[in-house]
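Asker: Given next are the chains, with one letter for each unit.
Protein chains: 2
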Amino acid sequence: MKKGSFLLQKIKNGLLGAAILVTPYLAEAQRRPSNISSPEVLPDNSVIFRIKAPNATKAQVVGTWSRGFKPNEMVKKDSVFEVKVGPIQSDMYEYDIIVDGLPMLDPLNKTVTRDGAWIQSRLMVPGGLGDIIDVKPVPHGDLKAVWYDSPTVGTEQRRMFIYTPPGYDKSNKKYPVMYLLHGGGGDEEGWVSRGRANYILDNLIAAKKTEPMIVVITNGDVNNIGAPLDRPANLPKKDNTGIGAMAAGVFEKSLVKDVIPYIESNYRVIADADHRAVTGFSMGGFHTQNITNANPTMFKYIGVMSMGLWSAARNDPNFDKTAYIAQLKALQKANPKVYWIGMGTDDFLYKSCVELRKVYDEIGFKYIYRENIGNHDWNSWRLYLSEFTPLLFK
Amino acid sequence: MKKGSFLLQKIKNGLLGAAILVTPYLAEAQRRPSNISSPEVLPDNSVIFRIKAPNATKAQVVGTWSRGFKPNEMVKKDSVFEVKVGPIQSDMYEYDIIVDGLPMLDPLNKTVTRDGAWIQSRLMVPGGLGDIIDVKPVPHGDLKAVWYDSPTVGTEQRRMFIYTPPGYDKSNKKYPVMYLLHGGGGDEEGWVSRGRANYILDNLIAAKKTEPMIVVITNGDVNNIGAPLDRPANLPKKDNTGIGAMAAGVFEKSLVKDVIPYIESNYRVIADADHRAVTGFSMGGFHTQNITNANPTMFKYIGVMSMGLWSAARNDPNFDKTAYIAQLKALQKANPKVYWIGMGTDDFLYKSCVELRKVYDEIGFKYIYRENIGNHDWNSWRLYLSEFTPLLFK
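In order, the protein sequences belong to chains B and F. Here my numbering = 1-based position in the first sequence + 92. Here my numbering = 1-based position in the second sequence + 92.
No false leads were mixed into what you were given.
One copy or two, it doesn't matter: identical chains are merged, so the pair holds either way.
27 Å max Cα-Cα, derived BS3-like pairs, lysine-lysine:
hint : residue 1 : residue 2
1    : 150       : 169
2    : 429       : 450
3    : 349       : 228
4    : 349       : 262
5    : 345       : 262
6    : 345       : 228
7    : 300       : 236
Derived by calculation from the structure, the hints in this document are not laboratory data.
Build out the structure end to end from the sequences listed, making use of the hints.
Answerer: Dropping the structure here:
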């Protein structure tokens with residue numbers, strides 16, 4: 093039985109798995125040589141990156157561990173480029189390898205995350221914040237991609253993620269809810285793919301730092317029903333018009349009129365302000381401000397990440413500071429239990445946040461201000477989530 | 093208010109979304125020039141691919157639309173390479189752009205899918221099968237990533253996806269269940285990312301071709317609790333040992349002992365053989381054979397995709413053809429309503445499937461045989477899913 097022996101040999105060599113997946117036009121060995129790996133995290137949290145690129149003359153690695161996004165030059169030996177970076181502080185990072193000027197994924201790394209048009213390789217460095225972000229042997233909540241009717245936005249169903257905490261399906265308990273919003277250019281996938289919200293919650297709940305809660309991760313881009321793979325292909329491109337629509341106030345209304353009622357009628361939630369939180373970064377911080385300013389008694393827990401006084405900064409002829417302050421005073425009167433602001437020292441919106449705090453301080457509006465050494469990026473937003481959620485529902 | 097005007101200008105220009113996401117080390121314009129797009133699907137289903145690569149001397153595009161995986165040479169004009177391919181038959185495809193010998197994603201394409209270590213750009217060509225695979229304005233089922241206890245495999249929770257059909261949450265109806273298995277080297281993400289099982293089901297259910305059903309998408313690699321982003325980072329590499337563990341019979345037992353009881357106690361299902369289906373491709377076809385041979389009365393609907401007589405082909409000294417035939421006869425006696433085999437003409441397992449059918453024919457075991465002009469790839473598996481599910485539960 094010749095063919096049998098051939099297959100047996102392949103199984104014995106552990107090659108059949110590879111063979112089954114091989115796209116014949118490129119030998120597996122050429123694409124992902126089995127004798128090199130990347131990234132390799134060393135015990136001291138230095139990281140070695142490698143790429144096989146026989147024809148290239150120059151390769152660099154650049155990632156979010158470098159505050160200035162300084163590329164590290166890789167050194168070529170035979171056909172493999174290599175560089176050792178760090179030690180790097182424990183966290184999750186996004187990176188590219190740049191080969192002769194062209195950024196690409198690390199072909200040896202199976203973990204790839206996406207936010208908006210940014211699709212990059214993922215690096216996890218253990219021992220600190222990285223461990224809060226990673227998948228750990230703790231009970232895991234479930235994560236459901238749900239389609240809901242959103243008449244406020246349009247006729248088609250829209251997509252969002254719902255995290256239910258460990259044990260949700262096995263109890264009759266009712267839970268508090270946090271609404272978690274993304275930034276401009278993004279979609280509902282960001283807080284899952286890059287934000288790791290479900291694993292951060294799993295780990296903090298297991299450590300009894302964060303109360304078990306439902307987390308609702310929406311899509312704030314009313315131009316799109318879902319993330320790129322979850323909306324019709326070959327639609328006329330609308331991506332560049334996204335920001336206008338995202339800032340036009342429609343999403344905020346839909347959260348209040350469509351999303352919250354959906355959640356409160358389909359999940360076991362405690363449906364009052366004491367058990368509702370909302371937070372988001374960048375555009376999602378702007379959305380958070382708009383939602384809570386317009387609905388002051390709806391949320392007792394509010395988080396504004398990496399966003400300043402944007403509405404005012406737009407210098408809109410329709411912007412009415414008196415009305416804005418009046419809204420803020422109504423919110424102040426409703427007395428939120430936590431109003432939290434997170435801002436990175438290197439954030440391009442840093443100064444607008446100084447302006448925001450000035451307005452708040454003007455009327456004695458209370459907030460917690462957390463400033464980190466960081467940028468307008470996911471390293472800040474994951475950190476903020478890990479610090480904001482322990483303050484909720486206590 | 094200078095800063096305000098600056099922001100206003102950015103908003104007006106539609107640039108703030110981009111600015112918010114910019115990783116400063118590479119200008120957005122360099123990475124994804126806004127004046128070119130890729131892939132561009134023309135009305136006749138030709139497709140233009142473009143990449144800006146000023147330093148490169150050679151670029152090609154290669155994808156699963158080409159039976160022989162023949163690369164198409166791109167032509168450089170100024171700093172942009174371009175090629176027009178096709179017309180291409182309506183379907184979904186995976187592709188790379190190869191720049192100076194190095195395969196990379198299409199940087200202008202936000203849709204990227206993964207199976208195992210293969211991470212590639214996605215192309216959707218409309219008008220036929222592509223429309224069955226795409227997101228359409230029909231009611232959508234929900235898709236839940238669930239963690240379940242699997243004592244048969246180990247102590248940690250394992251991850252799987254559960255598709256519930258449109259309307260599941262709003263009815264008290266009980267549904268039939270299909271268990272959907274992946275191939276060697278893959279994981280539970282494959283049938284979602286590349287297989288598009290949820291959208292294929294949405295579209296076929298809306299067209300009343302397929303009965304509404306629950307679909308359970310498992311992880312058949314007992315070495316891993318979940319897909320790469322959904323398992324601990326920085327574990328010692330075990331990928332190359334995967335195939336041995338995947339073929340050792342543990343997963344099959346866990347499906348019967350852990351997965352099915354979980355589904356039948358947590359979801360509204362019709363818990364009998366007439367309302368249970370199982371199917372999978374490649375390694376998942378082998379798993380399907382093992383599960384149904386060992387549990388002949390459990391499933392009335394069985395699909396074997398891109399797999400032949402593998403157990404026999406292993407030429408295992410422990411392989412006992414008499415026992416195998418005895419199992420098959422028990423299955424024959426249980427009288428499955430549909431036993432379906434799909435095989436591509438170009439599949440490297442084609443001949444082993446001829447052997448499988450010989451054994452089945454020897455004892456008069458009834459099956460439906462579907463041969464397509466195709467390879468051992470997702471184009472075949474999506475096609476099979478679209479043809480297999482309409483046969484179920486009728």
